[in-house]
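Q: Protein chains in written order, with the working numbering: chain B, 1 to 137; chain W, 138 to 450.
Honestly, the hints are just simulated from the structure, not real lab data. Check each hint, because a few of them may be wrong.
Here are the computed distance ranges between Cβ atoms for each label pair [to be verified]: (1) Gly341(W) with Leu73(B): 27 to 33 Å; (2) Asp32(B) with Glu361(W): 32 to 38 Å; (3) Gly65(B) with Thr376(W): 34 to 40 Å; (4) Gly440(W) with Leu54(B): 34 to 40 Å; (5) Leu73(B) with Pro406(W): 32 to 38 Å; (6) Lys329(W) with Arg24(B): 21 to 27 Å; (7) Asn105(B) with Gly440(W): 17 to 23 Å; (8) Phe414(W) with Leu7(B): 51 to 57 Å.
Note that beta-carbon positions come from the ideal geometry of N, C-alpha and C, so glycine has one too.
Residues per chain, in single letters:
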Amino acid sequence: MERIPILKLGKSLFVTVQVDIDDRLATTLQDDLMQRIVDTGAKGVLIDISSMELVDSFMGRMLAGIASMSRILDAEVVVVGMAPVVAITLVELGLSLPGVRMALNVERGMAILDQALTPLRVGGEPDDGDDLPYAPT
Amino acid sequence: MALPPTNADGEGSDAKTTPETPTPAPSSNGQSLLASLLFERREQVLDAWVQAQARKLDRRAGRRPDADVRAECTALLDALQSAVAGDSTDVKGPEYVEVTRLVDFMSKDRARQGYSPTETAVAVFSLKDSLLGVLEEVLADQPELLVAEIKRMNALVDDLGLQTFEAYVAGREEVIVSQQQSMLALSTPVVKLWDGIVALPLIGTLDSERTQTVMENLLEAIVETESQVAIIDITGVVTVDTSVAQNLLKTVAATRLMGADCIISGVRPQIAQTMVFLGVDLGDVVTKATLADAFRVALRLVGANLAAASPRP
Numbered sequence: 001m002e003r004i005p006i007l008k009l010g011k012s013l014f015v016t017v018q019v020d021i022d023d024r025l026a027t028t029l030q031d032d033l034m035q036r037i038v039d040t041g042a043k044g045v046l047i048d049i050s051s052m053e054l055v056d057s058f059m060g061r062m063l064a065g066i067a068s069m070s071r072i073l074d075a076e077v078v079v080v081g082m083a084p085v086v087a088i089t090l091v092e093l094g095l096s097l098p099g100v101r102m103a104l105n106v107e108r109g110m111a112i113l114d115q116a117l118t119p120l121r122v123g124g125e126p127d128d129g130d131d132l133p134y135a136p137t
Numbered sequence: 138m139a140l141p142p143t144n145a146d147g148e149g150s151d152a153k154t155t156p157e158t159p160t161p162a163p164s165s166n167g168q169s170l171l172a173s174l175l176f177e178r179r180e181q182v183l184d185a186w187v188q189a190q191a192r193k194l195d196r197r198a199g200r201r202p203d204a205d206v207r208a209e210c211t212a213l214l215d216a217l218q219s220a221v222a223g224d225s226t227d228v229k230g231p232e233y234v235e236v237t238r239l240v241d242f243m244s245k246d247r248a249r250q251g252y253s254p255t256e257t258a259v260a261v262f263s264l265k266d267s268l269l270g271v272l273e274e275v276l277a278d279q280p281e282l283l284v285a286e287i288k289r290m291n292a293l294v295d296d297l298g299l300q301t302f303e304a305y306v307a308g309r310e311e312v313i314v315s316q317q318q319s320m321l322a323l324s325t326p327v328v329k330l331w332d333g334i335v336a337l338p339l340i341g342t343l344d345s346e347r348t349q350t351v352m353e354n355l356l357e358a359i360v361e362t363e364s365q366v367a368i369i370d371i372t373g374v375v376t377v378d379t380s381v382a383q384n385l386l387k388t389v390a391a392t393r394l395m396g397a398d399c400i401i402s403g404v405r406p407q408i409a410q411t412m413v414f415l416g417v418d419l420g421d422v423v424t425k426a427t428l429a430d431a432f433r434v435a436l437r438l439v440g441a442n443l444a445a446a447s448p449r450p
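Next up, chain W with everything else stripped away, as it sits in the complex (with noise of 0.2 Å):
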């Protein structure tokens, strides 16, 4: 995996305010406890986290390198040790700036390549095993001080576990619109078959977003192409319905409003059937059940005009 880029500037600068190394606190004072700990057997931890999360995700072994756990893992134990310094756990507070950025890239990272919700939250919680290990193997003869340690971790924990669902959604979220996008881009191509005759082959369903995009490429490629006949291919179409088919209609219509004609065909019996019994009216468009039938018609079309163009005595 690729270490997060280093963030100089916006809102990673504000974690570079806070001292990169914290004072190492006796651990006395308790108020930094986490943070001396976090320093002084940082190895420990480390080695604890790492080994916990290959013992939660030893199913999938091998998917992940140790190394890049490993190289990931020093990263996020590096910024939460600035961030615990400052003696806050409001994973929202200035000093969790840099945290946040390093859990948010990790699990949008991992949604992007299709890991499982499990697979990426127990990145962070497996942290909780490791510092509760090391927690109370040196607060083994304080009781009270350990349980307040552990809460205050807990809750630390939790948070940045909850930072990390946040993020894996949403990075989700973007490789959903960004398939979406190209989907759109992809799935309406205009083919040129002949002199002033152009084809659309539609594929998948006709919704009124992807009209919109259908209707302007369609109508673009006929003022390029000084086109007569376009025509509408269906085949990839899976059904029709009133919607769809209102659609088609509009597309139709801005055709002819443009000088062209327009032709739909791959109309499969199923479709025709379903056609006639929602009672939609395609009015006196042409359909053809073949897009052979229509290129046909099309020639004779373009061939009939450019013989009434011909000079005339």
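Extracted from the complex, chain B is given alone in its bound form (with noise of 0.2 Å):
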């Protein structure tokens, strides 16, 4: 059976969506990367899907599920690469995934897997937060 591989990469996991995802597919992979979190222990969570050119509301539903359910096993989840015209099927699908942090490339999504998964801010300039539309981790 095809199955989405699912990469360690310290203390994350990071998976490259690079074909047609169909509904099974998506499920198979919910369920797998929900298993290897807890057989890990990861933090993070990356999902790439620049190649991803399809969507459909399952996809947005799924995304959405799969970002609730890791921060239930304590792990962060970044969707990184999102092509424009995904973005706008699924804002007018009326899916625009609160909750889910995205970012534009991978570099992005790792910069903000560190930051996040930085338990205490070493180092680095003390930042007042104010003016800033989400306080930063």
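Grab the two chains, each in its own frame, and use the hints to assemble them into the complex.
A: This is the structure we're talking about:
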């Protein structure tokens, strides 16, 4: 059976969706990913969907679901590389994926995960945090 | 005015099959009286036509040089001459293809140049005056034939007049559509303000079609410039009602899905009031009063993330 590979990178898991994903594959990915999070004790998950050009409401709901489930398992999810057309489609479908962190590319996504996974801000400039739309973790 | 291009292909080809110069049938025939009249008294008809136009449009004299008008009329008259030789007054018929094409061209051209409907229609309707005069002169001693010919001619010119108006309106429509398109293209520039910051100054209103264009442009720009922050400036947006707010929120949501933060700036006091009265909820979207404020936040956001990306111990 076809599966989407889940790679482990340090404390994070890395998933690249390189094929057009159907509903069954999506469900499998969700099962596998949750199992891996528990097995490896990963604190972060990076999902790269830059190759994905087709998206439906099921896919959108699944992404939101994976994010919520991972958070329950204490892992932060960042979805990276969403194509403009996919973003527009999701918005038109009414799925704006609140609660899922998004990033433009893998590099940015890793930076966000790094930031999120650093328990205490060591070094760097103290940030007063005003004017920021969200409090830095 | 430029003369219409000779149409050698397509619809014009039909007209070419009709004889260019009608046989000068004797006027006693009656059937092609109009044709022979146009042939024999061509110059007279033409002069009267051009003069009638000049007379009717004298208030705007000088707007079109007489030579242009004359050239136009000559071309139309030639086409008409070959058309009426077929003894048909149905302007939708194959004989009239060339005439219709010329009339369409003239009317659309005038529509594009901003002439009024009257000015456009007079060009064709003056032909009636001119032909009336000539018919009266030729058939002065045959009143019955005169009436019959006048009826025929009247119907023909009226039909051509209707054609003129159709073409005029079509021309206007084309102008409106092309203006809409160029406005759509012009009004959605995405500006790069800083490394990782793009701004989109919105002007006018935000309907769903425009939202689509705006969204596409913005998202493409975010990918191209690898931007982290997008500022939508609504200083130039006249009113914000519920649908505009909805469209704004859609754009913000799409931007967020791309992994960029979105700030709305340029919210005027009246607009803030309207939005609250309407119960528009912008959710957790960051809004700022001026572009400068938004830019400051954006810089801080970019800077903060840059600091986070710096090498760690």
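Q: Each hint: holds or not?
A: Right, here's what the structure says about each hint:
no.	hint	verdict
1	Gly341(W) with Leu73(B): 27 to 33 Å	48 Å, violated
2	Asp32(B) with Glu361(W): 32 to 38 Å	34 Å, holds
3	Gly65(B) with Thr376(W): 34 to 40 Å	39 Å, holds
4	Gly440(W) with Leu54(B): 34 to 40 Å	37 Å, holds
5	Leu73(B) with Pro406(W): 32 to 38 Å	47 Å, violated
6	Lys329(W) with Arg24(B): 21 to 27 Å	43 Å, violated
7	Asn105(B) with Gly440(W): 17 to 23 Å	19 Å, holds
8	Phe414(W) with Leu7(B): 51 to 57 Å	52 Å, holds
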